[in-house]
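S.K.: Keeping their order, the protein sequence lines are chains A and B.
Heads up: the first sequence begins at 1222 in my numbering, then just goes up one per residue.
Heads up: the second sequence begins at 1222 in my numbering, then just goes up one per residue.
Among the hints, erroneous ones may be present.
Since the list gives no way to pick out one identical chain from another, each pair is judged satisfied if it fits inside one copy or across any two copies.
Mimicking DSS-like on lysine-lysine, the simulated pairs with C-alpha atoms at most 25 Å apart in a straight line are [unchecked claim]: (1) K1270 - K1239; (2) K1343 - K1317; (3) K1272 - K1239; (4) K1504 - K1486; (5) K1270 - K1497; (6) K1445 - K1362; (7) K1497 - K1272; (8) K1383 - K1400.
In short, the hints are calculated from the structure, not lab data.
These numbers were taken from a predicted model, which means no experiment stands behind them.
This is what each chain is made of:
2 protein chains.
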Amino acid sequence: MSFSVTILGSSSALPTSKRNLTAHLVNHDERFFLTDCGEGTQMQLRRFKQKIGRINHIFISHLHGDHVFGLFGLLSTFSMMGRKSELHIYANPQIKEILDSHFIYFQDNLNYQINYHFFGAKKPQLIYEDSKFEVSTIPLKHRIPCVGFLFKEKPKQRNIRKECVELYKPGIKDIINIKNGADFITEDGKIIPNDKLTLAPPSSKSYAYCTDTQYTESIVPLIKDADLLFHEATFLKEDSKLAKTTYHSTTIQAAKIAQLANVKKLIIGHFSSRYKNDEQFLKETSSIFQNTVMAEDGLEITIN
Amino acid sequence: MSFSVTILGSSSALPTSKRNLTAHLVNHDERFFLTDCGEGTQMQLRRFKQKIGRINHIFISHLHGDHVFGLFGLLSTFSMMGRKSELHIYANPQIKEILDSHFIYFQDNLNYQINYHFFGAKKPQLIYEDSKFEVSTIPLKHRIPCVGFLFKEKPKQRNIRKECVELYKPGIKDIINIKNGADFITEDGKIIPNDKLTLAPPSSKSYAYCTDTQYTESIVPLIKDADLLFHEATFLKEDSKLAKTTYHSTTIQAAKIAQLANVKKLIIGHFSSRYKNDEQFLKETSSIFQNTVMAEDGLEITIN
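When you get a sec, could you build the whole thing from the sequences and use the hints?
M.R.: This is the structure in structure tokens:
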């Protein structure tokens, strides 16, 4: 089952010639979830050969322009491409006002429906769920209401031992039950306990997306043991005061959160364009949390 | 005196991995005029190393998203860059409503002033003028009110012959008058006619920008003898019916306008993404108007 994230933009509010504005594309089992949609996201999707028409879910962390302004063009492009399937947008309730007042002037005839799913930013909330996957919010600490998102696989089915299938010849219904943890009763009434029939399921993977935020340990229990954490590192450590006043984080702070949450891997991004040398971001972060990578536009990271 | 245009985006409404949405940057004597502002324009300005902070005038041809959606991010970026100088926006009056309703949600604290200059789309209108340069509208034929823009140098001063300066030793005021066409009166009252004192001035150059539009010969007198014409060629000639119903032009139609208007050079652009082979655009257009070039993102054309 595929599970990956592609970085579409890695700059903070001012894009550079190398880094576009924020957007990530999460692919779980060929379902595509767009996370934030800065200006130029539709061009980045094309540039990195992603399947624009297959995005059915868009999550918006907060309503600052550098996370939203690509939505206008993308919604319009969907329409021009002949989209018919419903689009789900998960965001602060104000997103509907913004889009409704936009539609007064532009693209008032979308040929598909938008379903809005609103959330607050104070408590974690399950906002998406299918048979294999779920998405919850992670309240963050920013100038305006802002959340991160935890993308998480549901517990997977146990694997039946091949030799048990040959020995007991369970029917299809039995196999489903066994995979879900049930014992098996043979024709002569003997109970075979599940742990003799099965092996442990593959582990369920998770990806936590946390931007924009000040350093806040309140997120640690929510992202505990995540396989991959994206945490913003807008500033280098020398600018920790600036990070605090602008409600952003430094390299060191991103690393500390990764460490406290015991995540397996950290990606840092949302880099301020004020620094000439990007390498310092990685150097500072990995001095505290070694398994760190820097976000680059087009980078794809596989989670399973 | 420099006069050039840089193509920032050459696609029609759907961008491709090679062609961004519409925007041109006109540079006259180091004054910068942005013409249309499709999504991603601020990134293209950076990519092609243009001076974002020196753009003081933005002209919007019409209020379709592919010509406007880059404005939201650009206005916000100006603010983040600490802009203080006034910005002039020339557009249909509705632009103010659009931006005002946008500012309710985003960037309500721009640290510079926007001066709006409105125009209709029925009659040609002079909308900008400085001592050396002027910009007028060119009414086009599109689904909604739409204009092109004629960027034109004002008549230049005549050149004084060097030998006349040595012979008659005119003062600074006299020189200014002579350059503007006046005769010179010597100390002993002799009148020296201007055509003996001066050479003809360098010719005044012009650039006509015409997109989006159906084929319309009504623009021919307005763009007559232009040094450079940008005319949209959204479709190949085989799709002339589609061009008509969508209020766009074909290659052949762009070439015919260039021919009728006797322009010196034609750039075609605003290409539909439906065609696999771009070369056909140039082939068809130059079969009728030979001095044609294709717009490419980043292409700079010098006009003088």
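S.K.: Within a copy, between copies, both or neither: where do K1497 and K1272 come within 25 Å Cα-Cα?
M.R.: Answer is between; shortest inter-copy Cα gap is 19 Å, intra-copy 34 Å.
S.K.: Pop the pair K1343 and K1317 into one bin, within, between, both or neither, using alpha-carbon distances up to 25 Å.
M.R.: within (20 Å within a copy, 35 Å between copies)
S.K.: Between the shortest in-copy and the shortest cross-copy C-alpha distance, which are at most 25 Å for K1272 and K1239: within, between, both, or neither?
M.R.: Classified as both; 22 Å inside a copy, 17 Å across copies.
S.K.: Within, between, both or neither: how does the pair K1504, K1486 come out at a Cα-Cα threshold of 25 Å?
M.R.: Result: close within a single copy only, 15 Å intra versus 53 Å inter.
S.K.: What label fits K1270 with K1239 when the C-alpha limit is 25 Å: within, between, both, or neither?
M.R.: both (18 Å within a copy, 12 Å between copies)
S.K.: When no copy is specified for K1270 and K1497, does a C-alpha distance of 25 Å or less occur within a copy, between copies, both, or neither?
M.R.: between (29 Å within a copy, 16 Å between copies)
S.K.: Reference check for the pair K1383 and K1400, CA-CA at most 25 Å: within, between, both, or neither?
M.R.: Close inside one copy (12 Å), not across copies (98 Å); limit 25 Å.
S.K.: Using 25 Å as the alpha carbon limit, work out where K1445 and K1362 are close: within a copy, between copies, both or neither.
M.R.: Classified as within: same-chain Cα gap 18 Å, cross-chain 60 Å, threshold 25 Å.
In summary, the structure agrees with every hint in the numbered list given earlier.
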